[in-house]
Amino acid sequence: MVYPTQYRYTKDHEWIEAKGDTATIGITDYAQHELGDVVFVELPKAGAKLEAGKTFSSVESVKAVSEIYAPASGQVVEANMALQNKPETINSDPHGSGWLVKVKLSNPAEVHSLMEAAAYEAYIAEKQKEASA
Amino acid sequence: MRYLPKSPAERREMLAAIGVKSIEELFSSIPEAYRLKKPLNLPGPFSETEVVQYFQERAAENSSAYTSYLGAGVYSHLRSVVTDAILQRGEFLTSYTPYQAEISQGTLQAIFEFQTLMCQLTGQEVANASMYDGCTATTEAVLMAERLTGRQRVLVGRSLHPEYREVLRTYAKNSGLRVEEIPYAASGSLDLQALKAALREDVCAVVMQSPNFFGSIESLGPVAEAAHAVGALLIVAVTEALSLGVMKPPTEADIVAMEGQSFGLAPSYGGPYVGVIASKERFVRQMPGRLAGQTHDLERRRGFVLTLATREQHIRREKATSNICTNQALCALAATVHLSLLGKEGIREMAEQNVAKARFVLSALEKIPGVRRSFSSPFFNEFAVELPRSVKLVNAELLRSKIIGPYVLGAAYPELTKHALVCVTETTSRAEIERFAGALKAALESPL
Amino acid sequence: MNRSEVLIFEKSSPGKRAFELPPLDVPSVKASEALGEFHRTDGVDGFPEVSEIEVIRHFTRLSTWNYAIDLGMYPLGSCTMKYNPRVNEFVARLAGIATEHPYQPQELSQGCLKILRLLEKCLLEITGMDALTLQPAAGAQGELTGLLLIRAYHQKNGNPRRKVLIPDSAHGTNPATAVIAGYEVENIKSNADGQVDIAKLREQVTEDVAALMLTNPSTLGIFEQQIPAIADILHAKSALLYMDGANMNALTGITRPGELGVDVMHLNLHKTFSTPHGGGGPGAGPVAVKKLLEPFLPVPVVVEKEGGKLALDFNRKESVGRVRAFVGNFGVLVRALAYILAYGPGVRQATEDAVLNANYIRKHLEGVFDLPYTRPSMHEVVFSDAIQKRNGVNTMDIAKRLIDYGFHPYTTAFPLIVPGALMIEPTESESKEECDYFIEAMRAIAEEAEKSPDLVKGAPHTTRVGRLDEVGAARRPVLRWKPTEKRSEAAD
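Residue numbers (the working numbering), protein chains in the order written: chain A, 1 to 133; chain B, 1 to 448; chain C, 1 to 492.
Calculated directly from the structure, the hints in this document are not laboratory data.
Everything hinted at is true.
With a straight-line cut-off of 27 Å between C-alpha atoms, the simulated DSSO-like cross-links for lysine-lysine are:
| # | chain 1 | residue 1 | chain 2 | residue 2 |
| --- | --- | --- | --- | --- |
| 1 | C | Lys291 | B | Lys38 |
| 2 | C | Lys305 | B | Lys392 |
| 3 | A | Lys129 | C | Lys451 |
| 4 | B | Lys280 | A | Lys45 |
| 5 | A | Lys127 | C | Lys389 |
| 6 | C | Lys121 | B | Lys37 |
| 7 | A | Lys129 | C | Lys389 |
| 8 | A | Lys86 | B | Lys280 |
| 9 | B | Lys367 | C | Lys30 |
| 10 | C | Lys291 | B | Lys173 |
| 11 | C | Lys291 | B | Lys37 |
| 12 | B | Lys280 | C | Lys482 |
| 13 | B | Lys248 | C | Lys11 |
| 14 | C | Lys457 | A | Lys63 |
| 15 | A | Lys63 | C | Lys389 |
| 16 | C | Lys30 | B | Lys248 |
| 17 | B | Lys173 | C | Lys156 |
| 18 | C | Lys309 | B | Lys392 |
| 19 | C | Lys121 | C | Lys291 |
| 20 | B | Lys173 | C | Lys163 |
| 21 | C | Lys432 | B | Lys21 |
| 22 | B | Lys173 | C | Lys317 |
| 23 | C | Lys389 | A | Lys11 |
| 24 | C | Lys482 | A | Lys86 |
| 25 | C | Lys290 | C | Lys309 |
| 26 | A | Lys63 | C | Lys189 |
| 27 | A | Lys127 | C | Lys189 |
| 28 | A | Lys54 | C | Lys189 |
| 29 | C | Lys16 | B | Lys248 |
| 30 | B | Lys21 | C | Lys363 |
Could you build all of it, start to finish, from the sequences and the hints given here?
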């Protein structure tokens with residue numbers, strides 16, 4: 001899996017694509033793979049406030065629930081309502097049409113402290129090594 | 001011991017295979033000081049015969065040979081012997097929760113049928129696989145409304161079963177939920193004016209019962225309208241489920257909390273019964289308890305699984321919709337079998353017999369001087385009457401004729417001393433009803 | 001037994017009927033007149049219309065698709081799936097037992113009250129506690145009751161406190177219940193032996209902690225050796241020790257929680273005390289307490305009056321209130337008492353056999369399956385799938401393959417502190433032969449995992465339906481039958 005270089009990544013496997021003070025947020029391919037088949041996504045409403053590091057959404061598989069943490073602070077402009085009917089989009093296209101929310105960032109500088117694609121790829125390679133040890 | 005399939009020789013063999021000399025060694029992880037040195041002081045051991053004898057003796061000390069006019073949330077109805085014949089099949093009785101779907105299709109399909117029957121009866125879109133009872137179902141419905149609306153105030157009709165209200169208060173004490181009671185009007189129904197005055201946009205739900213505790217059937221439309229106008233949900237509790245055989249289903253409700261005991265479960269001194277939560281489909285992800293869903297395997301064979309489990313405690317842990325784990329599966333099965341036996345015609349006929357019997361006893365009682373109905377609204381098989389004399393004294397008299405008289409309302413409703421709740425079902429014969437009326441008349445006329 | 005059986009609604013046809021009522025012996029009444037606008041003018045739409053034989057066949061066929069204790073072992077850890085004695089069913093159905101109304105006069109309920117009283121006495125003797133409530137409907141409700149009692153106690157002492165400590169190995173009902181009781185959950189990590197970490201406990205117990213919820217033996221089947229020390233640490237800060245009694249099957253007749261420092265605990269009558277699971281309930285979850293919590297017990301309480309008569313006491317000023325209507329799941333309580341009476345003091349033998357069976361199985365599977373915690377097991381043993389994972393076979397796969405060998409799976413993926421857990425509890429109801437079959441089956445599967453892993457991964461192969469699409473069921477839930485469903489979907 002090629003991780004888009006224009007995205008930034010968190011240790012909890014969220015990605016964020018920032019353009020000025022707006023951004024799109026989703027979960028990475030690694031995350032969807034760990035989760036298995038997604039059956040339900042809980043999304044915040046437009047206008048909801050996001051706080052960096054705090055949960056704002058959850059993604060459910062049959063047997064588990066994953067809390068999703070905000071990579072940066074801001075306010076939700078749009079939630080991906082298509083996921084209500086087709087949660088499987090997160091599995092098939094996690095970096096594209098499987099996006100979770102579009103936000104207006106309150107502090108765009110926060111994004112720069114997150115991992116770039118290469119660092120994230122090294123991070124998950126390390127995780128995968130630990131798991132099979 | 002007959003429940004232990006081991007001979008002394010086999011125990012010795014197994015200990016040897018493990019590599020210990022005695023069973024005590026297997027308890028060595030318990031500090032010596034805390035291991036019991038003597039056997040427990042318990043009665044027994046009893047042979048099977050002695051076990052039966054013990055309970056037969058206890059049975060003889062209860063109320064056999066009395067006729068009862070009690071309802072108040074627990075109802076005596078006819079039950080087919082077929083229900084127990086099925087319930088006692090080991091594959092139903094001794095099976096586990098259907099987490100392993102491939103080897104639990106019997107239980108799962110039966111649960112799916114139960115959920116369907118409850119939807120059909122209540123007019124709601126989705127129903128769960130049962131709650132402990134109607135009482136905790138009502139409390140869970142309120143907690144569900146709290147989660148759905150994010151509000152913490154709940155308005156509860158005083159005409160909701162007193163013990164249901166007590167349990168709600170116990171749960172509310174610890175959760176920040178504020179419970180306020182709405183009085184009933186002179187008609188015996190929920191006081192709509194008082195409700196409207198109390199409704200604000202901080203109310204998560206209005207809770208009412210129909211037929212209510214006094215047996216009166218409530219008009220749900222105006223209450224639903226008033227509640228919805230401020231964004232609150234309407235929860236309707238049903239304690240006499242058989243009423244739905246002949247009454248319009250509570251479709252105006254957002255959530256229905258029902259006690260299913262009337263469907264094939266003996267009164268059994270208070271339990272086990274079967275509660276149901278049924279609601280509109282859009283609320284299902286906040287619904288507590290288990291849910292059976294239809295699906296298929298790779299060969300497209302239809303099958304059933306427990307689904308939406310992520311709501312539940314074993315996955316969400318502290319974020320679960322409820323802490324409930326066990327439900328009442330066997331009781332739900334009893335209800336499913338019972339309703340299948342009654343069927344569309346039978347439930348209507350049984351309900352109509354209740355309507356007829358209740359009106360027959362009412363007309364007999366109204367002929368007694370001083371006895372009159374407390375409220376005027378339509379009723380199903382239960383109604384309140386006012387007596388010219390203390391109900392407790394009257395009931396004491398009735399006991400001498402081997403009659404268990406009506407429920408004394410004064411304890412839970414101090415403004416209704418001298419009122420009693422009379423319930424009669426299809427199980428009480430005409431002769432018995434006439435005897436009851438006669439005995440009641442005598443009790444009222446006897447010198448103090 | 002591979003017959004396909006449609007839903008009861010799909011067999012229905014207007015005019016068919018099973019149960020007939022005796023004729024009405026009072027004047028009939030027009031329901032539409034009596035009920036007016038409230039009258040349901042048509043029958044319940046879609047309700048079944050079938051004959052008696054069809055009801056019998058339908059449910060009998062359904063039953064043959066179930067596994068059950070009556071058929072074989074359920075090695076489910078922490079579920080204690082033991083034999084459900086049939087005499088218990090018989091006595092629960094006796095006229096004079098099944099027929100009693102909870103509001104009937106107490107003088108006509110002396111038999112019921114005696115049953116309650118004797119069961120209380122027996123359970124107090126077994127647990128070594130001082131007082132008991134039989135009201136809670138199940139273990140989870142018992143846990144809630146226990147926490148409400150704890151809260152009431154702390155409130156009376158001026159500080160309700162905010163937190164409850166829960167080990168990471170705990171059953172899901174523990175944290176779920178703590179939240180409903182209005183507490184914050186603080187996790188406490190287990191040490192390398194899977195036991196409560198005493199040093200951590202000392203740090204975490206403050207005056208803000210109301211209680212620790214402990215399962216003993218732990219969900220690993222291992223006795224918490226330090227439980228008296230744990231109790232001391234808690235009591236030093238006036239916090240209480242709650243014991244989840246789900247694993248009482250390892251302790252009955254051997255030791256008593258009351259003597260170990262436990263302040264409050266619940267029991268699962270549908271586990272330890274043989275009342276039937278019935279496909280998922282009903283159960284009962286009595287709560288036993290030490291004297292300090294007695295004033296707060298739910299109402300009503302069974303008391304003895306002058307002349308030896310028993311009564312229900314509703315007048316308890318400090319009670320937490322009711323947790324459910326009426327007195328409790330009386331029918332379940334009757335069955336539990338019947339079980340205890342059958343054993344008497346000999347109930348210790350059941351515990352010994354349960355622990356014997358678990359250790360016998362452990363001995364024969366050690367080395368074949370990875371054993372993450374090597375302390376002595378009590379009534380259950382927890383392995384992991386670490387060895388089999390090397391071939392891509394996990395605990396779920398092994399569990400499903402066990403079905404092909406005629407067993408119900410063990411508990412998979414719990415406790416959470418053991419990744420890929422296999423939690424096995426045979427109970428005392430299994431004979432040596434049954435244990436040997438189980439061991440053979442597990443060893444055979446371990447070998448398959450090595451030599452032909454796909455066989456295990458595709459299991460079960462011999463059931464009426466194969467692995468069911470749970471993902472589809474969760475994505476687009478179908479939770480009831482509707483008349484437009486096509487019959488052909490049911491065909492095999």
